[in-house]
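Colleague: The hints should help you fit chain P onto chain V, whose structure is shown.
Read top to bottom, the protein sequences are chains V and P. Note that numbering that gives the first Met the number 0 numbers the first sequence so that position 20 is 19, with each residue one more than the last. Note that numbering that gives the first Met the number 0 numbers the second sequence so that position 16 is 15, with each residue one more than the last.
Worth flagging that the hints you see were computed from the coordinates, not collected in a lab. One should not assume that every hint holds.
[Claimed, not checked] Here are the computed lysine to any residue pairs in the SDA-like style, where the Cα-Cα straight-line distance is at most 20 Å: (1) V:K189 <-> P:H319; (2) P:K410 <-> P:D400; (3) P:K314 <-> V:R246; (4) V:K314 <-> P:F248; (5) V:K99 <-> V:K163; (6) P:K110 <-> P:R137; (7) P:K306 <-> V:D305; (8) V:K317 <-> P:Q247; (9) P:K314 <-> V:D182; (10) P:K99 <-> P:L125; (11) V:K317 <-> P:P188; (12) P:K163 <-> P:D400; (13) V:K163 <-> V:K334; (14) P:K317 <-> V:Q247.
[What the hints assert, rightly or not] Just so you have them, the derived chain V footprint on chain P, three or more residues with Cβ under 8 Å: (15) 48-57; (16) 83-97; (17) 161-171; (18) 234-241; (19) 268-274; (20) 300-307; (21) 386-399.
[To be verified] Derived DEER-like restraints, expressed as beta-carbon distance ranges: (22) V:E320 <-> P:T37: 52 to 62 Å; (23) V:P397 <-> P:P411: 36 to 46 Å; (24) V:D54 <-> P:D332: 49 to 59 Å; (25) V:G112 <-> P:H252: 54 to 64 Å; (26) V:S56 <-> P:K314: 35 to 45 Å; (27) P:P367 <-> V:A329: 30 to 40 Å.
C-beta atoms are modelled at their ideal positions from N, C-alpha and C, and glycine is treated no differently.
There are 2 protein chains.
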Amino acid sequence: MNRRLFLSAGAALPLSAQAPTARIAVIGTGNRGRSLLTTLARMPGVDIRALCDTDPSALDRAATVAVNHKPELYSRGENDYQRLLSRDDLDAVVIASPWKWHATMAIDAMKAGKIAASEVPIAQTLEECWQLIDTHERTRVPCMMLENWSFRRDNLAVLNMIRKGLLGDMVHCHCAHSHDCIDHWFFDPKGNDRWPAEFLIKRNCDQYPTHALGPVLSWMDINRGDSFATITSNATSQRGINAYFARQFGPDHPNAKKIFAQGDIVTSLIKTQQGRTVVVNYDMQLPRPYDNRWMVQGTLGLYDEDKSAVYLTGKSPKYHEWEPFAPYQAAHDHKWWTTMTADPNAGHGGTDLLELSKFIEAVRLKTPMPLDLYDGVTMSSVIALSGRSIAMGGVPVPFPDFTRGQWKSRKPYFGV
Amino acid sequence: MNRRLFLSAGAALPLSAQAPTARIAVIGTGNRGRSLLTTLARMPGVDIRALCDTDPSALDRAATVAVNHKPELYSRGENDYQRLLSRDDLDAVVIASPWKWHATMAIDAMKAGKIAASEVPIAQTLEECWQLIDTHERTRVPCMMLENWSFRRDNLAVLNMIRKGLLGDMVHCHCAHSHDCIDHWFFDPKGNDRWPAEFLIKRNCDQYPTHALGPVLSWMDINRGDSFATITSNATSQRGINAYFARQFGPDHPNAKKIFAQGDIVTSLIKTQQGRTVVVNYDMQLPRPYDNRWMVQGTLGLYDEDKSAVYLTGKSPKYHEWEPFAPYQAAHDHKWWTTMTADPNAGHGGTDLLELSKFIEAVRLKTPMPLDLYDGVTMSSVIALSGRSIAMGGVPVPFPDFTRGQWKSRKPYFGV
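One chain only, chain V, in its complex shape (with noise of 0.2 Å):
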């Protein structure tokens, strides 16, 4: 997070003047509304014309940031949006709505004939993923869930690496989104609860899976040549929230005694079709510093992020010893990240701004989404499916195969 590489965005587009413009709209302009906004209005090639949010107050706010593009706003309740969808002039639409609203807004966005992107996670239930599915194969408009993380530059070095078969061939990988939210995401630094504290409340399962799956997709082929075939899942009991609270709060506010149905970590064990295993951890509300514990082992080494290390058999010069990760992401580097210059405002180290680019520019061009629906479907299926194990005691429940078995034969797409 804190390894912020200036890009700029005039150079991210290497496309040609005539490619047309995009012309854009975003719904829900909260603080990652507006950051992805910002990223976007400075972007050439890309025409702000519509922002929607329930609160005016935000919305004001994320006006300022597009000032230039003269977007018209939108702020009339819940379903505000749909006005928006209407408009004739738009390509796309970018949804960093609440949770709970992302499904229903990219497909009400597919019906209507726009491009959706959404933040992550792009579906809450199996319903909601099966309707996207649906509506996707039977308007035939693109869709992508916006997982920034599969663009690192970090992670796209280590998939240019894979590729090249240097790892041999995959056998397991491990990922996490460990990142303490209590005091800024689930709860305000006050100690009250924000919307995505219900989620706390009333459900235990792998509330966020899709950061720690996104390289992993890639890396392992998912979807294309491998598919997630059974997940189990265990949770941990909820000593975490409680404890926060009475450490912040004192013993005797609510939430120090209040049963949450959320486990402080969650462990899932994911088989593929090729036998292959990868292990995701949800560990959101207990103290600790931001990490993804990334690991992908094949048949002839192996990455740890952990470690910033990597092992290559008949490579590495001393037998059995980590070497520095580093060298090989400069050897590596993902031709995405070298074609980028320097710009002060991109978020995430400038992982936001090359994904919006390849947003934009798949609109630009008509071409695939760098990362398809089935890859946003696959990773937040997680959220449900993780649950359901949970529920039933840790036993493997089965992925739907969403692309209808068509992961045995597409091939892999993104970043190639």
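Modeller: Frame of chain V, contents of chain P only:
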């Protein structure tokens, strides 16, 4: 493995000179047995009376290590250890034979009234686990599994930190035995099967869980306030062994095509009675550096061995930033380590010396074993239980309660 701290056997045992000498035999004098014997033979208060091995040349080499003790040698076939056990001048036997003999020999030792210390794992099957427990409870003879990683200096400092409350309530642990043993343990450097190879051919499980689990048992007070409840295990397919042989000896080597039952990576998810979880990774047939990937996480913070770092809320100076573990290790160094001094021959950085010293101390003083048989069989039972879970498609399998309910009232003992 490279952190060789030099400790002196001489100062390791602050026992009164009046404590009786421990009269010891070693059964199994291959590489591991000879290493243990080397440490034992230099230890004050130890008298090596007998050695046993089916291989006379291994036995002769071992005898030279203990030449001052003039041990009697037993080499009349597989069951000659029984003749050794019938001696009336032995207090204890140390067992370092191949895996399949550990339980049988430990049981026979207890029956013969000899305290038993067995190398890891002490049992291969649940039946062996129960036979060990039943024999121990009937004979009341002590029995210890020699899980040396419980005694590591870093792990004992972490144990001190946990006992002082620095990590808060325990929530979750990760641990692994990531050790590429293909070219020297399962097979010899020329690619010939060694005795452990049969286990790769005939079964699919976590073959070697005790080095991962050793410190976890003490960190989490397993069998002493908490107890392993269920285990769910998944294995990848086997790619690593075939790939190794094809790479090293050519695609026509028989082991390049042979079907091995054992998957490359086994991930087990253990849930405890108190709602904590433990992830255990078996990872012994893919090329990689040695690693245990310990992580222990509580309501106040965590220790990450991969990063050699800690984060402790309210203590770590920067919000959500790791601190190096080294100063904590120094500040919370365990008394067992601070009372030892240098011995250049101590195995595994002095850890084996400490482990054997505590065993010998318990023999001489007739005090409880530092790790008792319940700990030994609990760790070892993961072999059989993980195999069952894998065979049944990854369903959760209950742990037997080897303590028969005593885990609820037993108090922490190890390292107290």
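Colleague: Go through the numbered hints given earlier and state which of them the structure violates, listing their numbers in rising order.
Modeller: The structure breaks hints 5, 12, 15, 16, 22, 27; every other hint is satisfied.
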